Amino acid sequence: MAISDVNSTHGGKVFQATRELGLPLEKILDFSASINPLGMPEAVHKAAVDAISTSIHYPEVDAASFIDRLAECYELDHANFLAGSGSTELIYLVPRCFRPAKALIVAPAFSEYARSLQQVGCRTETVALSADDDFSFDAEKVLSAVDGTTDLVFLANPGNPTGTGIERKGLQQLADRLPENCLLVVDEAFIDFCPELSIIEEVDERPNLIVLRSLTKFYAIPGLRAGYLAASSELIQQLRSFSAPWTLATPAIAAARSCLLEKDYRERSLKLIPQWRQQLVDGLRALNLHVYPSDANYLLVRLPKDGRTAGTVSQVLLQQGVLIRDCSDFVSLDERYFRIAVRGAQENLRLLSGLKGILL
355 MAISDVNSTH
365 GGKVFQATRE
375 LGLPLEKILD
385 FSASINPLGM
395 PEAVHKAAVD
405 AISTSIHYPE
415 VDAASFIDRL
425 AECYELDHAN
435 FLAGSGSTEL
445 IYLVPRCFRP
455 AKALIVAPAF
465 SEYARSLQQV
475 GCRTETVALS
485 ADDDFSFDAE
495 KVLSAVDGTT
505 DLVFLANPGN
515 PTGTGIERKG
525 LQQLADRLPE
535 NCLLVVDEAF
545 IDFCPELSII
555 EEVDERPNLI
565 VLRSLTKFYA
575 IPGLRAGYLA
585 ASSELIQQLR
595 SFSAPWTLAT
605 PAIAAARSCL
615 LEKDYRERSL
625 KLIPQWRQQL
635 VDGLRALNLH
645 VYPSDANYLL
655 VRLPKDGRTA
665 GTVSQVLLQQ
675 GVLIRDCSDF
685 VSLDERYFRI
695 AVRGAQENLR
705 LLSGLKGILL
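Be aware that the sequence shown starts at 355, since it is given in this note's numbering, and climbs by one per residue.
In short, the hints are calculated from the structure, not lab data.
Quantities reported herein were computed from a predicted structural model and do not represent experimental measurements.
Backbone N, C-alpha and C define an ideal beta-carbon position, used for all residues, glycine too.
Any given hint could be a false lead.
Simulated restraints on C-beta separations [what the hints assert, rightly or not]: (1) Q669 - W600: 18 to 28 Å; (2) A482 - G502: 21 to 31 Å; (3) A418 - P549: 36 to 46 Å.
Calculated cross-link-like contacts (lysine to aspartate or glutamate; reagent style EDC-like; alpha-carbon spacing at most 20 Å) [to be verified]: (4) K495 - E534; (5) K456 - D487; (6) K523 - E494; (7) K523 - D487; (8) K523 - E556; (9) K659 - E689; (10) K710 - D660; (11) K659 - D683; (12) K381 - E701; (13) K456 - E466; (14) K617 - E555; (15) K625 - D636; (16) K523 - E555; (17) K625 - E701; (18) K456 - D505; (19) K495 - E521; (20) K625 - D660; (21) K456 - E479; (22) K400 - D618.
Sequences and hints are given; from them, build the entire structure.
Take a look at the structure:
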């Protein structure tokens, strides 16, 4: 992979960066992947390591012990959940199961939504939220793009790469007014950073609602690949028939169970990350950059119209061992947009210093 590819398509390409730059992993500062800067909780790490000794046996076929804990946490039934190897696997499972002919994607959006739909021959359309309105959710705009042939609506809460959260009443309004045969798929991969916005507890009463969740972002376990899907028991039954067995390895199941017990870690994260996010917002605006409001652990940033692009900025930073996410390949965004993760105070200062050297 060429250097120019490290910041494209997806973030988090630290191993490619180490090979291309000849730097050790600890010298790479990754702002391209939006992972909790507090790192993996100690108890989660221990649970995963301890589970290796039992990995001489096959894992639970459907991660039942993890599902049991989810049901307890959300006061829903075991039949309302399905585990997956990260939420991306589940993004692909939904179209494979329901075979929509036409789907609507609320943009800008994670590229895997379109890819998963196109793989099953689904025609995709996008409805773009307005940059002038800070990408705030507009239920009426989405509904105006839905017609009797729309089988599925895909969106993220909070948005990715925007970080903009959607109030529950906005999603409820959308769900209430969609055609009866139209599925609403809400990707809540980053919702743990703004849990009050989640609609997951409504899956049992909304037969057309599917909620995707990830543990990899908030609990900093992207290499373990653990996520889940929540929906009505009827939808779960259909999805399960298309799901492969043993989707989670034994260490991933153990880590996932442990994540759900991390109350102190959650509280600490929800206290510190907004502070570090504001530090970045203030520093970026001091560099004459436009920063969009965010409810998540990342920020969408727009360069001024001075000829510089996110691609050129990301390449200069990459030579310094700093990765950011060039967002020019997102639908409705252009070459001036990039996304950065919120990291700890000292790491944020290093990024701001690097940007200052490029922009001022």
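Hints and how they fare:
1. Q669 - W600: 18 to 28 Å: violated (41 Å)
2. A482 - G502: 21 to 31 Å: holds (22 Å)
3. A418 - P549: 36 to 46 Å: With a Cβ separation near 25 Å, A418 and P549 fall outside 36 to 46 Å, so the hint is violated.
4. K495 - E534: Given that 20 Å is the threshold and the Cα spacing comes to 19 Å, the pair holds.
5. K456 - D487: violated (27 Å)
6. K523 - E494: With a Cα-Cα distance of about 13 Å, the restraint between K523 and E494 holds, given a limit of 20 Å.
7. K523 - D487: Since the Cα atoms of K523 and D487 sit roughly 18 Å apart, the hinted pair holds (cutoff 20 Å).
8. K523 - E556: holds (12 Å)
9. K659 - E689: Holds, because 10 Å separates the two Cα atoms, which is no more than 20 Å.
10. K710 - D660: The hint holds at about 15 Å.
11. K659 - D683: At roughly 18 Å apart (the allowed maximum being 20 Å), D683 and K659 satisfy the hint.
12. K381 - E701: holds (12 Å)
13. K456 - E466: holds (16 Å)
14. K617 - E555: holds (19 Å)
15. K625 - D636: Holds: K625 and D636 sit about 18 Å apart, inside 20 Å.
16. K523 - E555: Within the cut-off at roughly 14 Å; holds.
17. K625 - E701: holds (18 Å)
18. K456 - D505: holds (6 Å)
19. K495 - E521: holds (16 Å)
20. K625 - D660: Roughly 37 Å between the alpha carbons, so the hint for K625 and D660 is violated.
21. K456 - E479: holds (8 Å)
22. K400 - D618: Distance ~16 Å between K400 and D618 Cα, so the pair holds.
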